[in-house]
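Read off the chains here:
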Amino acid sequence: MHKNKTSQDQNSNGKLTRREFLRRSAVLGASALAASCAPGALPQPPAAAPTEAPAVKEPVTIKVAHYFDPLQSPAAQANLDWLNSVVDGFKKENPGIEVELEYFVWDQIDNRMILDHQAGVAHDFTFSSPQLMPKHFEAGGFLDLSPYLSQWSAEEQEDFSWSPVWNKSRRDGMQIAVPTGVHTRAVFYRRDKFEEAGLDPDKPPETWEQCLEAAKVLTKEGQWGLGMYFGPTRANMEIYFAPFVWHFGGDLWDPETKQATFASEAGVQAAQLAYDLVFTHQVTPEAVIAGDYSEVILNGIATGEFAQAWGVGSYWIQPVQDNWGHLENCFPPSVDCTPLTGDFYVTPTVPQANFTNAWCMSIHKLSQHPDEAFKLLEYTAKADNLFRFPDAGLPARLSMWEAPEYQTPFYQTWLEAARKGRPMPATAHYPELADTCAAALQEILVQKSPIPETLKKFEDEWNAKYAGA
Amino acid sequence: MRSTLARSMDRQRGHGSLYWLNKYKLPFLFLLPTAVLVIGFLGWPMLSILYFSLQKTSLQGTSTFVGLGNVRLLLNEPRFISNLGTTLKYLGGNLGLSVPLAYLGAILVTGKLRGTGIFRSIFLLPWIIAPVVSAILFRTMLDPRLGPVAQVIKWLTGKEALFLVDPDLALLTIILHSAWRSFPLEMLLISAGIASIEQELYDAAKVDGAGAWSRFRHITLPLTRSSLVTAILVITIWTLQDAEGAYSLTFGGPGYATEVTGVRLFKEAFIYFNLGIASTIGSALILLSVLFMVLYIRGLGMGEEV
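Protein chains in written order, with my numbering: chain E, 1 to 469; chain P, 1 to 306.
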């Protein structure tokens, strides 16, 4: 009878009839409902493996949040190609793990992780910014990686822990990020334009005074001696105003009192320096007060308008070589690296006055597959993979610096720049501080308002809301 | 549907509101879904904004009651006062530019000229382009080095056109962008009003010897008043709350010169996570929108028609 019924519910091709499909679906649905309502529905420790037959492990999909928009620039396409190659390699090594990419705008990826944590939306692996690590610690949206990292050998840990970015991601014994590289900045200069102006391209400036003198000589119709960026975004403060303040011996924020301190004497000198470059010495165009950092600096290099450009990141070595041909064999790094029409010199500030950061890798606190996400993090952090990452800038692993590719004069300049590196202040209200400083400098430049009073007004505004927090 | 008189008679007969509710439950049933949607999607978020405007929220998501602390903080802050001033200039500039142009556009597309269909399509283009995209287009066109507009001005005047460096020009730029985007909707609303005017009115006026200006002044303008007020009202609310266009174009700079309240709200809510301050700004924007709504309806007499 049962057999007959079964045969009735299947057609001659052995396919299910609608009635049988509905019946089985109902049974399946009811079972799923019962299972989900059962006390054991919450995540449980793995049960003992069955003795009769090994359980087939379900494929796991992990989400990777990245910031590479191929439509944005060829550099972003190169980064996306790198990420895809890393993911392919990872999937070959880990056949049970699928990877799904999620794109977010680069300056919103951290905020998205915080907001989604509060909203209960889970991610797995994500790229993250060291400047925002204090904010992440406060928000609690990233997983503590120290239990995983403690399984690394001491040698492996030391290979990363030299980096200020690693330390910025560590608090109270918790490590919430691992750096992928080193982003530091240097001054790009056109060797051909130095020669034209009677300057020796093999002896680039070493001090601020020499840099300014060179800028004056290089400035002429259609060419600016020193490209900078004083626009309305955060890069204004990070790459220009803050290093100037540090250069004059000041700081933006006091970790003891947790108050903004950028209206100090050093702050006034820093703002005066920016003002003088544009209006007194006229070696920097007024146009750099608007727009976006990458637009201003990269367009200035692309059009040849900037004979020198301050604050060019190590993440732009590739476009400087591939898009404008100023370098040869420098990216990926090789022993044959040769500067052609362009080169870099170390930012002529005092030591520890060059903003240095890097993209990091973190795991979202709500990740359903943290073990698998860490596996991917570990795989990405392999020296071979980081070596090929265009946006790494410079090696995060100390051992990588010993490779012959990094012994060239070109990369030794970058290593020296990195050694002068300094991270941003460790306040959880860093974005507000950066935006406030940028707005203050802009007001000084566009309205020619008195420097000490203007800086004080903006400092008071920040302190009224965030001092002590 | 019963009149007010009938309901009054019911009350006089001693029937309470429950009786009345029971007797006329069908209309209330019909109104129920709309009421639920309005309360769910408008009332609840508004209450939520009010609640959060009285709180100080932490990054962990916890909040502390601060009463009117956020209001005091904002009112004592020169930046917020500047934000409000910039917003009013932004609104005034947008309406002042876009409404007359939209009216002209509406007359053009409702006229009997050949090719009005093409104009209608062209005029709608700014409306269908996403504000972030159009803002980036504007920024590119005004780029002092590579932008065609800046290049033409430099060629004509010999001076570099730094639109986004000068605070007044930057404000003018966001106003132009907003007016460019507001124009199509205003035009559509006004042209709907013009199209609803009976042709006989114009014919009669012509017979009476009225000229074009007279016909416009005494027929078109009064009969499109309702559409005009609707257009102005919609664009006012839209401009007061605009963040994406202004932010994408100038990031609120230089300094805080173009930081309208919508941009400030966006920064506080989604970049700084100051939900308390963002909600207070949101409440201020709602109050400002209601104030303008009342002013327009009373001032322009739309209330009599609705």
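To be clear, the hints were calculated from the coordinates, so they are not data collected in a lab.
Hints are supplied without guarantee of correctness; some may be wrong.
Claimed, not checked - Pairs of lysine-lysine, PhoX-like flavour, derived with a Cα cap of 20 Å:
#1 P/LYS56 to E/LYS258
#2 E/LYS375 to E/LYS92
#3 P/LYS159 to E/LYS220
#4 P/LYS112 to P/LYS25
#5 P/LYS154 to E/LYS220
#6 E/LYS203 to E/LYS216
#7 E/LYS365 to E/LYS375
#8 E/LYS63 to E/LYS258
#9 E/LYS457 to E/LYS258
#10 E/LYS365 to E/LYS63
#11 E/LYS465 to P/LYS56
#12 E/LYS63 to E/LYS91
Against the structure, the hints come out as follows:
| no. | hint | in the structure |
| --- | --- | --- |
| 1 | P/LYS56 to E/LYS258 | holds (19 Å) |
| 2 | E/LYS375 to E/LYS92 | holds (13 Å) |
| 3 | P/LYS159 to E/LYS220 | holds (16 Å) |
| 4 | P/LYS112 to P/LYS25 | violated (50 Å) |
| 5 | P/LYS154 to E/LYS220 | holds (18 Å) |
| 6 | E/LYS203 to E/LYS216 | holds (17 Å) |
| 7 | E/LYS365 to E/LYS375 | holds (16 Å) |
| 8 | E/LYS63 to E/LYS258 | violated (36 Å) |
| 9 | E/LYS457 to E/LYS258 | holds (17 Å) |
| 10 | E/LYS365 to E/LYS63 | holds (13 Å) |
| 11 | E/LYS465 to P/LYS56 | holds (11 Å) |
| 12 | E/LYS63 to E/LYS91 | holds (13 Å) |
In this structure, the hints that do not hold are numbers 4, 8, in rising order.
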